[in-house]
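Protein chains: 2
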Amino acid sequence: MQFTSEKRLDDGVLEREFTLGEIPGILWTPESAPEPAPLILAGHPGGLRMMYPRLAARARHAAAEGFAAATIELPGSGDRPRSADAEQARADLRRALEAGEPVDDEIVDRLVLPLVEKAVPEWRAALDDLLSLPEIGGPVGYSGGVISIGTRLAVVEPRISAAVLFAGSFVPRSMFEEARQVTIPLHVLLQWDDEYNDRQQALDLFDAFGSEVKTLHANMGGHTGVPHFAGDEANRFFARHLK
Amino acid sequence: MQFTSEKRLDDGVLEREFTLGEIPGILWTPESAPEPAPLILAGHPGGLRMMYPRLAARARHAAAEGFAAATIELPGSGDRPRSADAEQARADLRRALEAGEPVDDEIVDRLVLPLVEKAVPEWRAALDDLLSLPEIGGPVGYSGGVISIGTRLAVVEPRISAAVLFAGSFVPRSMFEEARQVTIPLHVLLQWDDEYNDRQQALDLFDAFGSEVKTLHANMGGHTGVPHFAGDEANRFFARHLK
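Residue numbers (my numbering), protein chains in the order written: chain A, 2 to 244; chain B, 2 to 244.
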């Protein structure tokens with residue numbers, strides 16, 4: 002992990018861009034944290050530059066509660082090499098949604114499964130490097146979409162102690178079996194009127210999670226309209242489980 | 002409304018029992034409220050004496066945020082005269098649940114509709130008297146079950162500005178039409194693994210509510226296991242909408 006830029010934000014948060022091999026990423030640390038800060042991995046649907054305003058807002062919101070936050074670009078997004086198969090699957094998904102047709106499991110599998118396969122080891126590698134920094138301690142939370150990436154991480158990465166999962170993407174059937182293996186505390190955010198989501202599938206996935214402590218928060222406002230108080234509630238969830 | 006007893010609780014909350022004609026009730030007011038306090042009507046499934054510990058805990062939790070809270074006994078519960086029809090319907094419901102059978106709409110109608118018809122005017126009459134007290138101001142929220150009572154109140158009582166509804170009881174089919182007429186901000190609490198509830202029906206009811214601002218919080222822990230933080234979140238919902 003190599004830091005490539007450093008910026009002090011007006012609320013006393015240090016924002017550093019880094020690269021992890023070919024993968025760009027951003028780390029936000031609260032300046033005034035007295036000890037190694039717990040870390041939140043900030044997931045997103047891909048496209049760091051486009052997602053930056055929302056990611057930075059989430060990170061600063063978390064920093065105000067004493068959490069560091071970090072994110073990396075997803076495979077096939079932003080400036081990273083495109084995958085022809087993923088682009089085709091994304092086009093097929095868009096076509097089905099625009100036609101108002103049910104989305105074929107096969108399209109979702111082609112879109113999501115290779116992404117999970119590639120992204121999860123990258124997040125774990127980032128975690129190795131992030132936890133070696135003196136200003137970052139444990140425990141670690143994962144926050145965000147893609148919900149299948151968060152689910153796989155919750156199963157395979159023992160250093161992740163709690164997760165806030167955004168139910169804002171289609172989920173391969175095989176992920177339901179993985180969901181049953183999740184045991185860490187979960188806080189699932191669902192936009193009830195999400196135009197890019199299958200609500201019943203999100204509810205079924207929430208039901209499938211094996212965690213004894215799990216909470217679902219559903220709000221109105223469409224795919225990108227998560228209300229500000231929902232971020233406060235997610236922070237309080239992390240405060241309950243990461244401190 | 003006649004006050005029949007008065008007690009100062011150790012956290013500076015004044016608890017007064019009252020009667021409204023034949024109906025017993027309890028009012029909790031935060032002692033240190035500087036101005037008329039907003040009021041939360043604390044709904045429950047019936048049986049004030051049995052429900053007292055949980056109602057008092059909710060009221061003190063709300064008082065800490067500056068809210069007054071009040072409750073009255075439901076028709077046919079506690080020391081109030083029983084209804085033979087309601088008792089029969091309750092026995093039929095219990096039999097169906099114990100046999101693991103689907104609960105007939107007709108049983109739910111017999112149990113809930115007459116209760117809503119009788120209880121709602123009583124809550125409105127209590128509201129008339131409570132709002133005439135100098136220590137109580139507006140706005141008013143309703144919090145609790147029976148969810149059909151809360152739904153009807155939200156439709157017919159314009160003085161109620163926001164509601165926290167507990168989705169912990171069976172809902173007559175006809176209430177779904179009423180739910181579409183609700184427009185006030187709603188915060189719906191669902192125990193995901195509630196053994197005395199129909200989860201899909203609760204989700205369908207949440208979907209039916211006409212409110213633009215509505216939130217669903219689902220937690221684990223069974224019918225009576227609402228976590229403490231869910232009460233904090235409900236208070237913050239009222240703080241957003243009643244202050």
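Each hint should be verified, as a subset may be incorrect.
Negatives, chain B to chain A, calculated, CB over 10 Å [said to hold, decoys possible]:
1. R17
2. G22
3. G67
4. P82
5. G101
6. A127
7. E196
8. L204
9. D208
10. E213
11. V214
12. T216
13. M221
14. R237
A partial selection of chain B residues facing chain A, derived with a Cβ cut-off under 8 Å [said to hold, decoys possible]:
15. Y53
16. A219
17. E234
FYI, nobody ran anything at the bench for these hints, they're computed from the structure.
C-beta atoms are modelled at their ideal positions from N, C-alpha and C, and glycine is treated no differently.
Hints, verified against the model:
1. At roughly 33 Å, the least C-beta separation between R17 (chain B) and chain A is larger than 10 Å, which holds for a residue marked as non-interface.
2. Annotated as non-interface, G22 (chain B) keeps its C-beta farther than 10 Å from every C-beta of chain A; the closest such distance is 40 Å.
3. Chain A leaves G67 (chain B) outside its interface by the beta-carbon criterion, the shortest separation being 18 Å against a cut-off of 10 Å.
4. A cut-off of 10 Å between C-beta atoms confirms that P82 (chain B) is not in contact with chain A; the least separation is 40 Å.
5. Its beta-carbon lying about 19 Å from the closest one in chain A, G101 (chain B) satisfies the requirement of being farther than 10 Å from that chain.
6. Its beta-carbon lying about 30 Å from the closest one in chain A, A127 (chain B) satisfies the requirement of being farther than 10 Å from that chain.
7. The non-interface label for E196 (chain B) is consistent with chain A: the shortest C-beta to C-beta separation is roughly 15 Å, beyond 10 Å.
8. Against chain A, the non-interface label of L204 (chain B) is violated: not every CB pair exceeds 10 Å, the least being about 7 Å.
9. Separation of D208 (chain B) from chain A is inadequate, the least Cβ-Cβ distance of about 7 Å not exceeding the 10 Å criterion.
10. Residue-level check failed: E213 (chain B) sits 6 Å from the nearest beta carbon of chain A, not beyond 10 Å.
11. Residue placement check: V214 (chain B) does not keep its beta carbon more than 10 Å from all beta carbons of chain A (closest about 7 Å).
12. The Cβ of T216 (chain B) does not lie farther than 10 Å from every Cβ of chain A; its closest approach is about 5 Å, which violates its non-interface assignment.
13. Non-interface call for M221 (chain B) relative to chain A: violated, since the shortest CB-CB distance, roughly 6 Å, does not exceed 10 Å.
14. A beta-carbon of chain A is positioned within 10 Å of the beta-carbon of R237 (chain B); the least distance is around 7 Å.
15. Interface hint status for Y53 (chain B): violated, as the beta-carbon distance to the closest one in chain A is roughly 28 Å, over 8 Å.
16. For A219 (chain B), the interface hint holds, since its Cβ comes within 8 Å of a Cβ in chain A; the closest pair sits about 4 Å apart.
17. With a cut of 8 Å, the hint placing E234 (chain B) at the interface with chain A holds, because the nearest CB-to-CB distance is about 6 Å.
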